[in-house]
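Enquirer: The lines below spell out each chain.
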Amino acid sequence: MVVPTQPIEKVSIIISRGSLDGIYPGLIMANGARAEGIEANLFFTFFGLEAITKKRIEHIKVSTVGNPGMHMATVVGALPGMSALATHMMEKQMAKLDIPTIPEFIEMISDTGAGIYGCLLAADMFVLTKDDCIDEVQDIITVGDFYNIAAGGQILFT
Amino acid sequence: MTTKTVDGVAVEVNDEGFFEKPEQWTEAMVPVLCKEEGIDEVTDDHMKVIRFVRNEYETKGTGPTVRALGKTSGVSVKELYQLFPKGPAKIAARVAGIPKPKGCV
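Residue numbers (our numbering), protein chains in the order written: chain A, 1 to 158; chain B, 1 to 105.
Hint data in this document are derived by calculation from the structure and do not stem from the laboratory. Fair warning: there could be bad hints in the mix.
[What the hints assert, rightly or not] So the derived list for chain A, only partly shown, Cβ under 10 angstroms to chain B, looks like this:
no., residue
1, 32
2, 97
3, 112
[As the list claims (entries may be wrong)] A few chain A residues that don't get close to chain B, going by computed Cβ distances all over 12 angstroms:
no., residue
4, 6
5, 57
6, 67
7, 73
8, 76
9, 78
10, 98
11, 99
12, 110
13, 114
14, 146
Just so you know, even glycine gets a beta-carbon here, dropped at the ideal spot from N, CA and C.
Could you build all of it, start to finish, from the sequences and the hints given here?
Expert: Structure follows, in structure tokens:
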């Protein structure tokens with residue numbers, strides 16, 4: 001492997017979706033960054049807030065509708081219980097690979113020293129405050145605050 | 001691949017500084033290797049983690065990831081990052097003379 005002359009030193013990752021498949025990639029990227037010694041921040045916005053909301057974090061589901069990767073007709077994906085079933089199967093497979101659940105993963109990422117933030121505008125839209133969020137959330141911030149925190153690093157939108 | 005001298009012994013390391021031949025490593029090299037990583041004082045806790053990853057490698061053929069370390073070494077993820085701020089699994093593997101651990105989580 002070729003080692004680049006200018007390594008990445010900092011990443012700020014935006015998680016904007018609230019499905020299981022929308023949330024995990026950003027968590028894996030943030031955790032992987034910290035494992036490499038790269039500074040990392042997570043910024044949850046829009047439906048991504050589901051992942052840091054106390055009431056919602058345990059109920060994140062795979063999206064079975066409008067998701068060609070599921071290899072099922074949209075009408076089938078829309079059947080009651082289909083999303084729960086797909087979620088159950090995927091969670092089983094992930095547990096086999098020792099991928100942590102979302103609550104456990106966020107706790108771990110927080111323990112690695114990564115910053116975890118919620119988006120103020122999205123929180124206002126969904127009528128959520130910091131008290132509605134899991135303890136790992138450091139603050140609910142504006143997009144301007146986010147850019148300040150992200151300064152000097154790479155920004156990834158997921 | 002390059003050759004460098006650690007504690008008076010010539011060892012082979014790859015582009016990222018990981019030992020090519022783990023058998024060239026000895027525990028006596030740890031303080032020197034740690035210093036290269038910016039760790040000036042090697043504590044008992046550092047040694048506990050280093051011996052653990054070395055043992056994992058010798059029994060399983062690969063070093064543990066941060067998650068595996070946090071679950072099985074008896075040192076929490078938080079403490080691991082205090083000991084090795086630049087990445088516990090990666091840095092501990094480098095100073096323990098083993099290859100970089102594989103795994104995304």
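Enquirer: Was the hint right that residue 32 (chain A) lines chain B, CB cutoff 10 angstroms?
Expert: holds, 6 angstroms
Enquirer: Compute the least Cβ-Cβ separation between residue 114 (chain A) and chain B, then decide whether it is above 12 angstroms.
Expert: Nearest chain B Cβ is 10 angstroms from residue 114 (chain A), so the label is violated.
Enquirer: Taking C-beta pairs only, is residue 78 (chain A) more than 12 angstroms away from all of chain B?
Expert: Since the minimum Cβ distance to chain B is about 31 angstroms, residue 78 (chain A) lies beyond 12 angstroms and the statement holds.
Enquirer: Check the non-interface label on residue 110 (chain A): least C-beta distance to chain B beyond 12 angstroms or not.
Expert: Incorrect as stated: the minimum Cβ-Cβ distance to chain B is 9 angstroms, not above 12 angstroms.
Enquirer: Please verify that the nearest CB of chain B lies beyond 12 angstroms from residue 6 (chain A)'s CB.
Expert: Per Cβ check, residue 6 (chain A) is outside 12 angstroms of chain B; nearest 15 angstroms; holds.
Enquirer: Checking the smallest CB distance to chain B, is residue 99 (chain A) really beyond 12 angstroms?
Expert: violated, 5 angstroms
Enquirer: At 12 angstroms, judged by beta carbons, does residue 76 (chain A) keep clear of chain B as stated?
Expert: holds, 31 angstroms
Enquirer: Compute the least Cβ-Cβ separation between residue 67 (chain A) and chain B, then decide whether it is above 12 angstroms.
Expert: Non-interface label on residue 67 (chain A) holds, nearest chain B Cβ at 22 angstroms vs cutoff 12 angstroms.
Enquirer: Identify whether the interface hint at residue 97 (chain A) stands, where standing means a beta carbon of chain B within less than 10 angstroms of its own.
Expert: Holds: closest Cβ of chain B sits about 8 angstroms from residue 97 (chain A), inside 10 angstroms.
Enquirer: Please settle this one: residue 73 (chain A) was flagged as non-interface, so is its CB more than 12 angstroms from every CB on chain B?
Expert: Holds, because the least Cβ-Cβ distance between residue 73 (chain A) and chain B comes to about 32 angstroms, which exceeds 12 angstroms.
Enquirer: Once the closest CB in chain B is found, is it more than 12 angstroms from residue 98 (chain A)?
Expert: violated, 7 angstroms
Enquirer: So is residue 57 (chain A) really clear of chain B, every C-beta pair being over 12 angstroms apart?
Expert: holds, 18 angstroms
Violated hints for the displayed structure, listed by number in ascending order: 10, 11, 12 and 13.
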